[in-house]
Amino acid sequence: MQAVQDYVDSLPISETLKQELVSPPYLHAYRLYLNLPRYLAPVFPAVSEAQLDRLTIFSYLYFRFVVAVDDVLDAPLSSDAGSERLLQYLGLYETTVLGLSELLPAGGEFWQAFYVCKKQYIAANLREKHISRQREAFTEESFEELANGKSAVVYALVHALAVLAGDQQPVEDLINCLRGIHVGSQYLDDVEDFRQDARNGQFTYAHHLVDVFIDNHGLEARVAGEEYRFRYLYTSGTAGKLMQKGRAHYQASLAIAQRLGLDGLGQYLQAELDTFTEQLRATNALVQELRGDVLPATLVAGQVPAAVLM
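The numbering of the sequence shown is this note's numbering, which starts it at 1 and goes up by one.
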């Protein structure tokens with residue numbers, strides 16, 4: 001973490017962007033990606049400490065660039081502030097690619113794998129936008145395929161470590177582990193961001209499932225508005241089912257991490273699973289209240305209890 005902070009301090013970028021990259025709240029929010037190179041390092045003992053430091057810096061900054069692009073793409077309207085922010089991150093992207101080029105020879109095996117990962121990422125995002133515009137039906141398989149593709153650039157880190165170590169053997173297991181984390185997270189995000197996604201004009205798997213429930217029961221929630229659709233997310237059991245799916249993916253990833261001896265990643269995943277369990281318990285309690293026609297004041301006010309969305 002200190003290596004990232006020192007490197008960002010040395011960059012000719014605005015103080016605002018520096019704070020966005022390395023202030024404690026942001027470092028905590030993106031701690032998985034900040035720590036991921038060292039989480040995976042035990043299966044690549046040939047990678048040196050210096051290489052890990054450099055890879056940590058550039059993989060984290062690249063990930064933050066991807067997040068910034070996602071934010072701009074997800075915003076309902078463009079703005080001068082959004083454009084300026086994206087321009088700053090494009091400069092950061094150039095710095096990141098240059099740093100990776102110094103660490104991993106241009107034209108080598110990593111860059112070929114990185115290209116494939118970027119193609120998957122772009123294809124998944126374009127497909128997601130198309131589904132959202134057309135409000136196409138989802139299946140569980142298509143949802144998970146999109147979640148996997150949207151996370152594909154993270155898999156490039158595994159390829160980078162494998163090239164630096166000269167060892168491809170752990171690659172498949174590690175990518176499967178990361179895939180489970182990201183697909184599991186997407187299930188939870190669909191529940192947590194249900195309202196925000198609707199406001200931004202994004203049609204998600206959770207929205208699709210609620211629409212199916214409404215249609216199957218002859219309800220009028222689409223006419224009544226988003227507040228009723230939000231309530232049906234919980235009373236239909238959809239929120240709980242999605243969270244259980246997400247937890248199952250995390251459990252599968254934890255099993256892989258434990259089998260490979262990735263103690264740091266295992267501890268991270270166990271903590272996330274504990275949070276999943278608490279969120280699911282809070283969600284189930286909320287559903288029981290709603291089904292009993294006892295509406296919490298927080299729900300009437302248009303908010304989910306903090307325990308559900310922590």
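Worth flagging that the hints you see were computed from the coordinates, not collected in a lab. Among the hints, a few may not be true.
To be verified - Derived DSS-like pairs: lysine-lysine, alpha-carbon spacing no greater than 27 Å straight-line:
1. Lys119 with Lys129
2. Lys18 with Lys129
3. Lys241 with Lys119
4. Lys18 with Lys118
5. Lys129 with Lys118
As the list claims (entries may be wrong) - So the derived label-pair ranges between C-beta atoms look like this:
6. Tyr115 with Ser10: 22 to 30 Å
7. Glu140 with Asp263: 28 to 36 Å
8. Asp71 with Leu103: 26 to 34 Å
9. Glu94 with Asp9: 14 to 22 Å
10. Gly91 with Thr277: 39 to 47 Å
Virtual Cβ for every residue (Gly too), placed ideally from N, Cα, C.
Query raised in the report: Of the numbered hints stated previously, which ones are contradicted by the structure, given in increasing order?
Result: Hints 2, 3 not satisfied by this model.
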